[in-house]
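Below are the chains, spelled out letter by letter.
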Amino acid sequence: MKIVYEKSRGLTDVPMHYCPGCTHGIIHKLVAETLVELDVLGRTVAVAPVGCAVFAYEYFNCDAQEAAHGRAPAVATGIKRVHPDNIVFTYQGDGDLASIGTAEIVHAAMRGENITVVFVNNAIYGMTGGQMAPTTLVGQPTTTSPLGRSRLGQGAPLRVCEMLATIEATAYIARVSVHNIPRLNGAKRALKKAFQMQIENKGFSLVEVLSTCPTNWGLSPVDSLRWVEQNMLPAYPLGVYKDIEGGT
Amino acid sequence: MARKLMKGNEAIAAAAINAGCRYFFGYPITPQNEIPEYMSRELPKVGGAYVQAESEVAAINMVYGAAGAGARVLTSSSSPGISLMQEGISYIAGAELPCVLVNIMRAGPGLGGVQPAQADYFQATKGGGHGDYRVLVLAPANLQEAVDLTQLAFDLADKYRNPVMVLADGMIGQLMEPVEFSPYRPAAGLPPKDWATTGTVHSGGRQRVINSLYLYPDQLENHVRAIFRKYAEMERTEVRYELYNCDQADVVIVAYGTTSRIARSAIEKCRRLGLRVGLLRPITLYPFPLAAFDLVVERTKAFLVVEMSMGQMLDDVKIAVAGRRPISFYGRTGGIVPTSEEIVKQVQELLGGRGA
Ligand SMILES: Cc1ncc(C[n+]2csc(CCOP(=O)(O)OP(=O)(O)O)c2C)c(N)n1
Ligand code: SF4
Ligand SMILES: [Mg+2]
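If you read the protein sequences in the order shown, they are chains A and B. Here the first sequence is numbered in the numbering used here, starting from 27 and rising by one per residue. Here the second sequence is numbered in the numbering used here, starting from 17 and rising by one per residue.
Just to be clear, a hint being listed does not mean it is correct.
[Stated by the list, open to error] Partial chain A-side listing against chain B, Cβ under 7 Å, derived: (1) 69; (2) 89; (3) 90; (4) 107; (5) 108; (6) 109; (7) 112; (8) 222; (9) 225.
[What the hints assert, rightly or not] What the simulated footprint calls covered on chain B by chain A, stretch by stretch (three residues with Cβ under 8 Å from a Cβ of chain A suffice, anywhere in the stretch; the number is not a length): (10) 64-75; (11) 83-90; (12) 325-337; (13) 357-367.
[Claimed, not checked] Computed from the model, here is a short list of chain B residues facing chain A with C-beta under 7 Å: (14) 78; (15) 213; (16) 214; (17) 215; (18) 229; (19) 232.
No lab work stands behind these hints, which were simulated from the structure alone. On a predicted model such as this, the values are computed, not experimentally measured, just so you know. In this text, a Cβ means the ideal position worked out from N, Cα and C, and glycines have one as well.
The task is simple: from the sequences and hints, build the whole structure.
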C-alpha cells in the first residue's frame, strides 16, 4: 500500500479543541507542514497567543512559549535576540494582534525583528464569546455590536497588512485565505516564503490568514466559508503587500 | 580589583554585566536612564543585546521571552514604568522564569515627581500584579551593596526561578561612591536550565513549554502551592538584614535604603545627645526579616519606622512587633528626603524630650 497522506510530524497527537468547521486547525496544519518541509522544526520556538489558539503550544511539535494577550511579538523578540539561530514565530488572533497588541506588532515590524507572524483574522473575538474586534466588518453583528458594527463611533476594519507594509524595515507581508483548496495552497506558499525570509535573515515577515468562526458568526461551517468569500474578501483584499525580493 | 568611583545606576548596570547578564530590555524614564544607556553601550561589547522597547509593557514581555530562552536578563525602570510591567511580572512568576528587575523609585502617585521616594514598597513586596505570587526584593543602602545585591539577584533568580527586584530610589541611583568589582562566579549548585526553549534539537526531541495557563483548578492550585514552597524556602534561607547599635538601644529605628543612611547619622547625633538609638535595616524586603525583631524587642522601649512614604513597610513592622512595643512612624513623601535632624527630633519626642 502506498501512503498518500499523513498527519504532519510538525503537529503533536493531542486532539485539537477547535469548534467544528473552525479554520484555526487548518492553519495549524499548514504552519506545521511548512516547518517540516523547510527542515527547521527542531530549532523552532512557537509563541502562542491569548485567544482561541491559546493551546497552540500543545499542538505544534516544537518548543513554545505562551505569551500574555497581545505581547507575542515582544516575547518573540526576547527569544530571537537570545538565540538568533532559532526560528521564532508568533501565532496571533485579530483581537490579540490588532487591538491589545498593536504597539507590539507595529514595533516588532519597525525594528525589522527577524521573526515570522501568523496572523489569524476571523473578524471577531472568538475565545471570549464573539465580541467586536477592530477587524469586525462594518454592519457585522457581534455580542458587543448587536446592531452591527457602526462606522460612526465604532469605526471600520483595521487593515493590518496595508498598515504594516508602510513600515520600512518589514521584509514580507501577505494576506491569504483558506476558504477553498486553491486559496489554501496559496496560503501554504505564502507561509513558506515568510519562514524562508526568516531563515535567510531577511527580517520581519507576516502572513495574515482570513479564518472562520462558525460558532460566533452563527453560521454552519460551509456557510462560514462562503461568508469569507462574500464578505471578508472585499474588505480584506488578498495579495502580497510587501516583498523585499520583489515577488508578488 | 581597584575601587572605582561610579554613579549608582551605572554601578548596578556594570554589576549585572559582571554577573553574566547579556540582555537588557527597557524604556527610558528618569531617574534610572543611566542603566539603559550603560547597557546600550556595553552589552554589544560582550556579545549581548540591548533592545529599546516601545514601552515597559513590551520590555517586560521581551524579558519573559529571553528568560524563557535561558538567558540572564535585566530590565530597569522607575515607578510608573514598573506599574506598567505588573502583568508581565505576574506571568514571569507564574511561568517560573528567572529575571532581575531594577526599580529606581520616584515619587508618586500618578506621574508624581522625579525625586527619590520609597512609596513602591507595597507594589514590590505584596505582589503588584494579579494572582498568588511574590517577588524577592533586595534593598541596597550604598553602592557597594547595590553591586553585590545585583549580582546576588541573578543567582537568586536562577535558584528559585522567580523574578528578583533590586529596589532602590533616585538618591541611590544618582549618588556617586567608590565601588569594587570582584571576579564573579555564579553560586554553586544552580539548577540547569533544561526547561529553556532553545529548540528540540537541543533536548533530544523533548518539547519544552513556558507557560502559566492551568485551566483545571486542581492543577492550578498544585502549581501555586509548588511556587509557594519556594517562597517558604526563601523565608527560611534568604532573609537578610543588618542590626546596628541595637544592644543598648532604647529606640530602634527601622529603615531601609536611603532612609537607613540618614537614620545612621541621626543615631550618631543621638549618641552625642546621650540617647541610645539603634538601627534595624531590612536588606530583603521580601522575605521581610520578621525574626530580627525578636532579637531586639526585649531590650528596646519603642520602634521608630522611617520611610520616604506615608507608611508602607510600617505594616510589616507591625506584624513583626506584634503589639509587644509601641511603634511610631515618621515619613516624608513627594520626593522629600528626611534630614537626620528631623529623625533626632522624632526620637527625642519618643523618649519624652530626654537629653535635649
Ligand atoms: C489583558 C487581557 N485582557 C483580556 C483578556 C481576555 N481575552 C482573552 S482572548 C481575547 C480575545 C481573543 O480574540 P482574538 O485574538 O481575535 O482570537 P480568537 O479567539 O478570535 O482566535 C480576550 C479579549 C485577557 N486574557 N487578557
Ligand atoms: S470560537 Fe470561533 S475561533 Fe474559536 S475555536 Fe470556535 S470557531 Fe474557532
Ligand atoms: Mg479573532
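Cross-check of the supplied hints:
1. 69: At 4 Å from the nearest chain B Cβ, residue 69 of chain A passes the 7 Å test, so the hint holds.
2. 89: With a minimum Cβ separation of about 4 Å from chain B (threshold 7 Å), the hint on residue 89 of chain A holds.
3. 90: Hint on residue 90 of chain A: holds, closest Cβ of chain B at ~5 Å, below 7 Å.
4. 107: holds (5 Å)
5. 108: OK, holds: residue 108 of chain A within 7 Å of chain B, min 4 Å.
6. 109: Since chain B brings a Cβ to about 6 Å from residue 109 of chain A, closer than 7 Å, the hint holds.
7. 112: holds (5 Å)
8. 222: violated (18 Å)
9. 225: With a closest approach of 13 Å, the residue 225 of chain A hint is violated.
10. 64-75: holds (count 8)
11. 83-90: holds (count 6)
12. 325-337: violated (count 0)
13. 357-367: Our answer is that it is violated, as 0 residues pass the Cβ test (under 8 Å) against chain A, missing three.
14. 78: holds (4 Å)
15. 213: holds (4 Å)
16. 214: With Cβ-Cβ at 6 Å, under 7 Å, it holds.
17. 215: holds (4 Å)
18. 229: At about 6 Å, which falls below the 7 Å cut-off, the nearest Cβ of chain A leaves the hint on residue 229 of chain B intact, so it holds.
19. 232: At about 13 Å, which exceeds the 7 Å cut-off, the nearest Cβ of chain A leaves the hint on residue 232 of chain B violated.
Violated hints for the displayed structure, listed by number in ascending order: 8, 9, 12, 13 and 19.
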